[in-house]
Amino acid sequence: MSTITGGCHCGAIRYEVEGDAIVHALCHCRDCRLHAGAPVVGWTMYPESALKVTKGEPKVYNSSEHGRRHFCGHCGTGLFYINADMLPGIIDIQSATYDDPDAVPATMQIQVAERLRWMEHAHELPTFERYPPQP
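Residue numbers for the sequence shown follow UniProt numbering, so the first one is 1 and each next one is one higher.
Hints are computed from structural coordinates only; laboratory data are not their basis. These numbers were taken from a predicted model, which means no experiment stands behind them. Treat the hints with care, since some could be wrong.
[To be verified] Label-pair restraints from in silico Cβ distances:
(1) P47 - T127: 24 to 30 Å
(2) D85 - D20: 23 to 29 Å
(3) N62 - G11: 21 to 27 Å
(4) P105 - Y61: 40 to 46 Å
(5) E16 - S63: 23 to 29 Å
(6) L125 - A84: 18 to 24 Å
Glycine included, C-beta positions come from ideal geometry on N, C-alpha and C.
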């Protein structure tokens with residue numbers, strides 16, 4: 001059984017999750033985009049019992065009628081999402097908060113009906129190891 005560790009940007013919140021992810025999805029919904037300030041958010045889904053917060057206490061934001069987003073109250077890092085009405089017993093963990101974000105490869109994209117049009121071709125944009133050349 002694998003154990004993955006992670007936490008927020010400032011280190012005030014630490015967690016570990018045991019077992020295999022049910023799925024790792026890249027979510028394009030507007031709600032995730034607004035909360036993260038990013039065009040897409042990676043979520044790994046686990047049984048709620050698999051997650052153990054080992055340091056700190058996340059703040060909880062009621063982002064919708066049933067959706068609860070957990071985040072660090074110090075640095076603002078988004079961490080977990082629960083919707084007991086739609087996904088009882090399940091917790092989503094923002095995969096970019098893993099100590100090793102490559103530990104669980106993404107397996108699908110979801111909510112593509114809300115995807116930003118330019119994200120459909122993001123893989124075609126020029127790439128640079130760090131920053132583009134300066135004039």
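- Looking at the structure, which of the earlier hints fail to hold? Result: hints 1, 4 and 6 break, sorted rising.
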